[in-house]
Amino acid sequence: MASIVLSRLVQAVPSLLGVTIIAFVLLHLSGDITQLLLPMEASEQVRADFRRAYGLDQPIPVQYAHYLARLVQGDFGQSFAYRRPAMEVVLERLPATLELSAAALLIALTIAIPAGIISAVKRNSVFDHLSMGVVLLGQSVPTFWLGMLMILVFAVVLHALPVSGRGSFAQLVLPSVTLAMWLLALVARLTRSGMLEVLSQDYIRTARAKGLAEVVVTTRHAVRNALVPIVTVVGLQVGGLLGGAVMTEAVFAWPGVGTLVLESILKRVYPVVLAALIMVAAAFVLINLMVDLLCGYLDPRVRTGRRG
Amino acid sequence: MGAGVARETVRAAAEQEPRVRGGYRTLRRLARARTGWVGSALLVLVIAVALAAPLVAPYGFNELSLANRLKPPAWLGGGTSAHLLGTDPLGRDMLSRVIWAARTSLGIAGISVLVAMVFGVMIGLLSGFYGGWLDMLVMRLADMQLSFPYLLLAIAVMALLHPTLANLIIVLALRSWVVYARTVRSSVQVAKQREFVEAAVALGASDRRIITRHLTPNVIAPIIVISSFQLAELIITESSLSFLGLGVQPPTPSWGGMLSQGREYLTSAWWLGVFPGLMIILTVLGINLFGDALRDAMDPRLKV
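Chains A and B supply the protein sequences, listed in that same order.
Per my numbering, the first sequence starts with residue 1, numbered consecutively.
Per my numbering, the second sequence starts with residue 309, numbered consecutively.
Hints in this document: simulated from the structure, not taken from any laboratory.
These numbers were taken from a predicted model, which means no experiment stands behind them.
Every residue, glycine too, gets a C-beta built ideally from N, C-alpha and C.
Among these hints, one or two may not hold up.
Claimed, not checked - Listed below are several chain B residues computed to face chain A (Cβ distance under 10 Å; list not exhaustive): (1) L449; (2) S547; (3) W578; (4) I588; (5) L590.
To be verified - Every beta carbon over 12 Å from chain A, so not counted as near; a handful from chain B, in silico: (6) H470; (7) P525; (8) F537; (9) S548; (10) L552; (11) V582; (12) T591; (13) I595; (14) N596.
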């Protein structure tokens, strides 16, 4: 187990380095920093001094090395507009985004997995057709538009739930359901096809031939085996979930990393944007590591390194 | 003499290679899928409307009429038949704007899919055929990209560079090339073990000829299926970026851009936030239905 953790951590290094390179390149392509930070009437001499003071006159690779060295020490740059370290600003908003994502994940899984299982077991039934119809719709609707419709129906017309903000449970309902929809569709579809595949396996026939009740065959023999690939896929979709969270946050004014990024773009506080990018990437790597460990727990073949 | 016969046998083997496998059968199976028909009907309708925008749109996309601001749709009280889907805060006709925006959204997503396809397929062919360090590098890059919250990256790129049309297309194409490259690579790795490739090698065909004449036809089926799903994906991504103000810039109409205006008026003028979204969902639903039917018709085992 320890070796898996270690090898996954080592594999994550190039990904994280890649992100820092992208962040660094973007920062450079975004234009002359002195235009952004110094007053317009600043002379060329002042600009040159500024560049020298911040090491901006050195070769690009040297600048990147310095940038990386600062990142490793946890220094993501100052956000001038917020007058605080960029890292601090991002960390403050991270819990809100994680809360929203976790709620959405919970909703998606608790609905999608049973729905997918029932669809597979009762193939071509009314329930199957209905839920696959919902799946198709769920995969075709943009997250942010679903959010707008939710606001329109539940907040504007029915006055049942608050439009935006964070704090109470009621405020979490609309954003998390909105964010969950797309993952729900994906997981339900995968569970259904995974179950259909497992149900046609020999060991299922054996279990039935033994005279086991259908419920036992489904729950004990089929579901457990169908779940492993689903856990992997869900893990891979965490990136998509965080991306969807940005859109959901934008619609519901949810005070997470997504809205922070959008605010920072408007204020042109690029260190915060890039700090958010790197932080989210790091969170993502961690989550994937946990998913791998969970897979190992569910499937002993993975644990011993014999990956099928 | 013996060499001549062997040469003939090898040549025959080389010619036996499957071109686009069972194109006719595929079409027949496709024609039998009911949902596929619904999907293609939707898709054809949207494309036709987009192409014929100057003819079917009652007004120009930027034709202001300040006297007719925020008119509701025709069937509601206060609506007029002059503006079937109502008007926006500048008095621009919603129906016309939704139609013109179809051009923008389909055009941008279509071009981006093409760009991604050309690069992704080329990279996949080379990486699958030659393997080695190129393959390693490409696949590491692909893994890296797939394992990352793409939308956040796209937002950062569009914000820090400028939201020009070219940048938008590059950012969108970046999303899709990986899917092409990975699928083509694995198809090529399987195909290059087959006899017809061995035969072509034995006949002294150049790498270039083997790749273009013998390997490429084998990856066409997955490419077509991937393209349909990627088109849907990129339409949603483009509208998301435009919704945030980081995609298509006004005054060019786009569904996502119209929705961001609609959000501000959600409580007072719902039609601004509903019709552009309906267009997105109809288009994407059409493409997904069509793509599903296409995948099942071409090869039910295809998992893309």
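Right, here's what the structure says about each hint:
no.: 1; hint: L449; verdict: holds (8 Å)
no.: 2; hint: S547; verdict: holds (6 Å)
no.: 3; hint: W578; verdict: holds (6 Å)
no.: 4; hint: I588; verdict: holds (6 Å)
no.: 5; hint: L590; verdict: holds (9 Å)
no.: 6; hint: H470; verdict: violated (9 Å)
no.: 7; hint: P525; verdict: holds (28 Å)
no.: 8; hint: F537; verdict: violated (10 Å)
no.: 9; hint: S548; verdict: violated (6 Å)
no.: 10; hint: L552; verdict: violated (6 Å)
no.: 11; hint: V582; verdict: violated (7 Å)
no.: 12; hint: T591; verdict: violated (9 Å)
no.: 13; hint: I595; verdict: violated (8 Å)
no.: 14; hint: N596; verdict: violated (6 Å)
Checked against the numbered hints above, the structure violates hints 6, 8, 9, 10, 11, 12, 13, 14; every other hint is satisfied.
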